[in-house]
Structure formats: C-alpha cells, structure tokens
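J.: Below are the chains, spelled out letter by letter.
Protein chains: 2
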Amino acid sequence: MLPDALKRLVHELKKLPGVGPRGAERIALWLITDGVGVSSALSDALSAAVEEVGFCPVCGTLTRKGEQCPMYTDPSRDKTRICVVEGPLDAVAIERSGVFDGTYHVLGGVLSPLEGVTPDDIRIPDLIKRVKDDSVVEVIIATNPSAEGDVTANYIADELRSYGIGVTRLARGLPTGGLIDYADSDTIEKALENRIKL
Amino acid sequence: MLPDALKRLVHELKKLPGVGPRGAERIALWLITDGVGVSSALSDALSAAVEEVGFCPVCGTLTRKGEQCPMYTDPSRDKTRICVVEGPLDAVAIERSGVFDGTYHVLGGVLSPLEGVTPDDIRIPDLIKRVKDDSVVEVIIATNPSAEGDVTANYIADELRSYGIGVTRLARGLPTGGLIDYADSDTIEKALENRIKL
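Heads up: the sequence lines are chains A and D, in that order. Counting from 106, one number per residue, gives the positions in the first sequence under the numbering used here. Counting from 106, one number per residue, gives the positions in the second sequence under the numbering used here.
It is possible that some hints are incorrect.
Intra- or inter-copy, both count: the list cannot distinguish identical chains.
Unchecked claim - Under the rule of at most 30 Å between Cα atoms (straight-line distance), these lysine-lysine pairs were calculated in the DSS-like manner:
(1) K170 / K119
(2) K302 / K234
(3) K112 / K184
(4) K120 / K170
(5) K184 / K237
(6) K112 / K170
(7) K170 / K237
(8) K234 / K184
(9) K170 / K234
(10) K184 / K120
Hints in this document: simulated from the structure, not taken from any laboratory.
Isolated chain A (complex conformation):
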C-alpha cells in the first residue's frame, strides 16, 4: 500500500522510543511533504550528534565527545555532593530544576538480577572511587521510584555505609500539580508516611 521507500522510512521511525506504527506513518508523511525542509536538517543534526556527543568519563553525563562535562569542570560546583541517577536525561531534568549545585553520577541502568545486571555493570565501583577521591560528604540517590530503583538505591546505601558519609534519597510523595484522586495507592502511602509537620 505504501511505496517501498516510505515503508522503509516508517520501519526505521517505528524503532524510535515512544513512536508507534501510526505515529511513524504520520511522521514519515510529514517529513516528505510539509517537513521536507526539516528532513535534511534532521539528517545533518543526527550525524553531527553521533559524531560530537559523548559522555563525561567521570560523571557519565552528556557532554562533547572526549571532554569532561560542564558540571564537573565548573569550579563553582560542589564536588563533595554527588547526585546518583539512572540515565543522563535524569541529570538533565534535575539540572533544569536549578536547585542542585553538586555533580552527577550516571549509573547507566539499575540492578536487575533477572537481566543479569550486576553492580559492576552500572558504574557503582566508579561511584565508590569518586567518594574516596573527591572527599564526598553526601550522596543523593535519585534512582527512579520503582522496584529496581529501590533495590539499586538500597544496595548503594549499603556499599557506602562504611565511609561514614551522608546517603540520602529523593523524597517520595504527591507530585506538584497531581490530583490526589488520580494518585496510585503507593504514592498516597508514601505521601502519608512522609507527611510533613506544618
């Protein structure tokens, strides 16, 4: 039904995270019609990004290939406070809030015995090395509020216990703007457990 070249484009677009079969068709059609100017800009941006973007060898955050990230190299940022996140985009989201002036440590995943993901696979030894090398005073664990995120957070907390530093985790509760009648039971349970005196 679709011309072969368009089928192939839809096939590739469907592989993108969050893009379903119908979304891929709409994007493909748009790219060859209204968005035909975007098509070449997109191809160029894509090859430039693949070529130029890398990960900070210390933090695992996104940066220019072969360079340390701007957060780690900024002398005004507090290297003694490390925020541990699962992926580089989590660090981007926390940076966007503008309330953290320490540095990040990207795990690149979570512990998962079922999928064979061990502490060595997710840069936990690197984290421990940084704790020692940079005289870290606090590690803030910002793994996702999921079962795997919990397991990973607890494992890291145990590993760091002997260093006598502060290990904390992001608070659980109601998200700003969320509706209580839409909140799941676990969120409400956590919000009650961690309720704050006014």
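Assemble the complex: chain A is given as a structure, and chain D must be docked to it using the hints.
T.: Relative to chain A, chain D alone:
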C-alpha cells in the same frame, strides 16, 4: 546542559508531529547510544523517501514519484466508486481494512473559510472531473467526523447532486472496542440516531 549538537538534534526532532520536548530528548539520546546503528539507516531511508515518494496525479495517494498509484492502475479495481479522504494516510487506513475495492481521491485538506481554504485548494474540481471522466456511480465521502469534515462532505454532496450519482458518507457510531462510558455525547447521539434494527 545538553551538548550543542544534541540540542540541535532535539530541536529538529521536536518539529516532528506528535513528538514533544521530552520525547525528542529521549529519541535523541537513544539515537546516539543504543540506536546508533539506526541513525544512519534512518538518514538513508529519509533521503530515499524524499527522493522516491510522490503522489498519484489522479488520486493524490502516496506512490512512487511520477507514477500513478497501484490502486488506480490495478484493472481489477472499480474505478466507478471513489472514496474521498482528507489525507493520504486515511486512504492507507481504509486500504488496511481490505473491504474497499474502488479508488481514492485525496483532498489534501478540508474546507475552512477562516483559514482561507476554498474548494479549489482541496482538489474538488479534480474530483468532479473524475466523476465525469470515469462514469462514477458512487462517491463515498470519508472525511473525518469533525466540524470541518462535515462542512466539506456537505459541500461535495451539493456539488455532485446534479450528476445523479450516489453520494454516501461513512457511518457514525460507536467505534469497535470503544467503551460506552468513555464515548463523548456526540458519538452517543450519532449512535442512537443511526441505530440499526436487529
């Protein structure tokens, strides 16, 4: 926060229909990491599609550039029945159902006096020409069930009245698999109005 090359990629990806700012970030990160193999395949597929895909000069459907579409050139299909759709992907969706063996006529839009879209802008003169040239017996109007879709359908029906052919429109009612308590009032109204004797 994001390296420049990645920012640029996110900026281009955000222009795609249905891709929001967070979605664009996730796609961009995936393309330069896990999906790095897809990146070049995607660029290739994109330029091939821009180069090779065009629109049937008769039907306005997607086809190889400079060619008539396979539906119009297939001698087993009924050229005397035309299904009128807003966009080429609507024809793809109807083809997927496999229940229509006529041909299509893509309007490429809907009438919108506010946005200055007139009948000449949406291939209505071409449709009338086809009705005459191909001795059409039925025009099935498959514009979207929206206010503009309704206006466009009614306009086409009026224009075709003098030709003494059948002009029909896709039925309105509950979508298969839809839940009645989720259906909007207009859908329920149409489903009641058009109820079928069992």
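J.: Which holds for K170 with K237 at a C-alpha limit of 30 Å: within a copy, between copies, both or neither?
T.: Answer is within: at 26 Å inside a copy they meet the 30 Å cutoff, but 63 Å across does not.
J.: Within a copy, between copies, both or neither: which one fits K112 and K184 at a CA-CA cutoff of 30 Å?
T.: between (50 Å within a copy, 26 Å between copies)
J.: How would you label the pair K302, K234 (within, between, both, or neither) given a Cα cut-off of 30 Å?
T.: Classified as neither: same-chain Cα gap 38 Å, cross-chain 76 Å, threshold 30 Å.
J.: Quick one: K234 to K184, C-alpha cut-off 30 Å, is that within a copy, between copies, both, or neither?
T.: within (13 Å within a copy, 74 Å between copies)
J.: Is it within, between, both, or neither for K170 and K234, if the alpha carbons may be no more than 30 Å apart?
T.: For K170 and K234, only the intra-copy Cα distance (23 Å) is at most 30 Å; the inter-copy one is 59 Å.
J.: Up to 30 Å between alpha-carbons, please classify K120 paired with K170: within, between, both or neither.
T.: Result: close both inside a copy and across copies, 25 Å intra and 26 Å inter.
J.: At 30 Å max between alpha carbons, let me know whether K184 reaches K120 within a copy, between copies, both or neither.
T.: neither (38 Å within a copy, 37 Å between copies)
J.: If the cutoff is 30 Å on CA atoms, where do K112 and K170 land: within, between, both or neither? Let me know, please.
T.: between (34 Å within a copy, 14 Å between copies)
J.: Indicate which option fits the pair K170, K119 if close means a Cα-Cα distance not exceeding 30 Å: within, between, both or neither.
T.: both (28 Å within a copy, 23 Å between copies)
J.: One pair to classify: K184 and K237, alpha carbons no more than 30 Å apart. Within, between, both, or neither?
T.: Close inside one copy (12 Å), not across copies (78 Å); limit 30 Å.
Figure legend: structure checked against the earlier numbered hints; hints not met, in rising order: 2 and 10.
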